[in-house]
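> Generate the whole structure from the sequences, applying the supplied hints.
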Amino acid sequence: MLIRVDVDSPHALYDQVAASVRADILSGALAPGDRLPAARDVAAALDINQHTVLHAYQRLRDEGLVDLRRGRGAVIAASAAPLAELSHEIDGLIRRAAALGVSAETLAGIVRTHRAEAEPPTPAATPQEASHDDA
Amino acid sequence: MTTPDPTRTPPATLRRARRAFVLVALVLPVLIVAISALVLTAWLPSFPTDVAIHWGVDGADGFGPAATYLWVLLGVGLGIPVLLTVTTLVAVGAHWGATARLLGATAAGMSAFAGVICLGSLAIQRDLPPSGEVPGIAGVMALAWAALLGVGAMAWFVQPRVQSVPGAALEPRHDVRVGDGERVVWVGTTTMPTGALVFLLLVLLGLVALAVAMLLTGTPLAWVSGLVALVVGFALAATASFRVRVTPDGIDARAVIGWPRKTIPVAEIASARAVRMSPFGEFGGWGWRLAPDGRSGIVMRQGSAIEVHRRDHGPFVITIDGAEEAAALLQAYVDRSAGSAAAGETGRVAP
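Those sequence lines, one after another, are chains S and P. Read left to right, the first sequence gives residues 11 to 145 (our numbering). Read left to right, the second sequence gives residues 15 to 365 (our numbering).
Keep in mind the hints are simulated off the structure, nothing from the lab. In this text, a Cβ means the ideal position worked out from N, Cα and C, and glycines have one as well. Treat the hints with care, as some may be off.
Here are some, though not all, of the chain S residues that point toward chain P, as calculated from beta-carbon distances under 10 Å [stated by the list, open to error]: (1) 11; (2) 12; (3) 13; (4) 14; (5) 38; (6) 39; (7) 45; (8) 51; (9) 54; (10) 55; (11) 57; (12) 103; (13) 104.
Covered stretches of chain P, as calculated for chain S (at least 3 residues, CB under 8 Å) [what the hints assert, rightly or not]: (14) 134 to 147; (15) 181 to 191; (16) 198 to 205.
Distance windows between CB atoms, simulated [unchecked claim]: (17) P/177 - S/97: 40 to 50 Å; (18) P/272 - S/97: 32 to 42 Å; (19) P/328 - S/16: 53 to 63 Å; (20) P/22 - S/89: 37 to 47 Å; (21) S/18 - P/251: 32 to 42 Å; (22) P/284 - S/19: 32 to 42 Å; (23) S/45 - P/272: 19 to 29 Å; (24) S/22 - P/220: 26 to 36 Å; (25) P/188 - S/20: 24 to 34 Å; (26) S/22 - P/251: 35 to 45 Å.
Pasting the structure below:
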């Protein structure tokens, strides 16, 4: 498994390790059932604290992407399967949002608190509406 | 496996090789043992009393019925060749090579060895006066070894020479890039196949049970079987599974217990790539292997492997899932250090 962290990035290391795993899931490099390496090995390779890696694994568990099992370690969850299918659309969404000046953070906030509505309130505020226009 | 495997021996060559192998490793021993057994059985009536069946430095020191030699003939002369034949045909599969050829020669040689030993040991004791001294066994031994080497050599040359096909290079699915300020690493594990592991664990369990039984029944030298169990257990722990990592410093592989361990720094690496390889075909087996041509490696299963070409040593190979990304990353670091010798640019590996 390939893991990348950026030492100059403002993002926390655990966040970056989690992001690396998420990227692998999106690209299809990791599939449900795949076992993540032991936190100890990842930490030693990255030259960071083991607890940082564990924090990343726990974060992924909270997001439902990974199951943490005693003895087996971190295993990619079944719910991660559709992500590879969505990756193309997610990519497009982020790109279009960036072109419109909508930051990834804003997008993340909207996605997180999104509630399905019969009638979208305004075209500009709902990225879904924008992408529907394209379809 | 639906993708064609370029390391498979071509079917026609494979058929020829397997046919020759079965001829020398199975048919020949059956013939040798059959003829020897017939002669032996014909001689049995002339040995009504016990004969010498073991020789020490001071001459014959073990005695038993003449029929013992029949069992030795069948066990060593037929049993071992059958075992070698079956395991080789199963293990080598479609990746024929020099190892399979050698095993065929060994099987043939073993049957000749057994034939000479059994018939020879009885022959020197024929027509012996009842109180006569049993002659030494040195002559028979020498003849038996000569038969082993002679028949073995013939069996070797009868079999066709089959080169094991070197593996095709494997490319990663995506580019592996290392940006400025990024620390990119690859972490993975390679383990021996589950079936083999289970089998070896059962063997270990048997050894432990044997040691315990010997200890409890007060058998002398029980500690020897305990030591054997310990050594086997240690060997298993040292070779069953390896953790591999690729970092900007190079590649590192270590057993779960920490040793044995192989670290190859970037400075020692000329190039790295992923290949498809066959452990039995290229190394004659599985585990941490050394080949006469200077290749060495950790080969746990057939398939994708990281091949590290070193400046001052032979190539080091590690079979592992994800070898494509690992090798690409390692190559990127090798490129980077070569580049930094010139201008300090980050490396990028082209697909």
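> Next step is simple, just say for each hint if it's right about the structure.
Checked hints:
| no. | hint | in the structure |
| --- | --- | --- |
| 1 | 11 | 6 Å, holds |
| 2 | 12 | 5 Å, holds |
| 3 | 13 | 5 Å, holds |
| 4 | 14 | 4 Å, holds |
| 5 | 38 | 8 Å, holds |
| 6 | 39 | 7 Å, holds |
| 7 | 45 | 8 Å, holds |
| 8 | 51 | 5 Å, holds |
| 9 | 54 | 7 Å, holds |
| 10 | 55 | 4 Å, holds |
| 11 | 57 | 7 Å, holds |
| 12 | 103 | 21 Å, violated |
| 13 | 104 | 18 Å, violated |
| 14 | 134 to 147 | violated (count 0) |
| 15 | 181 to 191 | holds (count 3) |
| 16 | 198 to 205 | holds (count 6) |
| 17 | P/177 - S/97: 40 to 50 Å | 44 Å, holds |
| 18 | P/272 - S/97: 32 to 42 Å | 39 Å, holds |
| 19 | P/328 - S/16: 53 to 63 Å | 37 Å, violated |
| 20 | P/22 - S/89: 37 to 47 Å | 39 Å, holds |
| 21 | S/18 - P/251: 32 to 42 Å | 41 Å, holds |
| 22 | P/284 - S/19: 32 to 42 Å | 33 Å, holds |
| 23 | S/45 - P/272: 19 to 29 Å | 21 Å, holds |
| 24 | S/22 - P/220: 26 to 36 Å | 51 Å, violated |
| 25 | P/188 - S/20: 24 to 34 Å | 26 Å, holds |
| 26 | S/22 - P/251: 35 to 45 Å | 37 Å, holds |
Checked against the numbered hints given earlier, the structure breaks hints 12, 13, 14, 19, 24 and satisfies all the rest.
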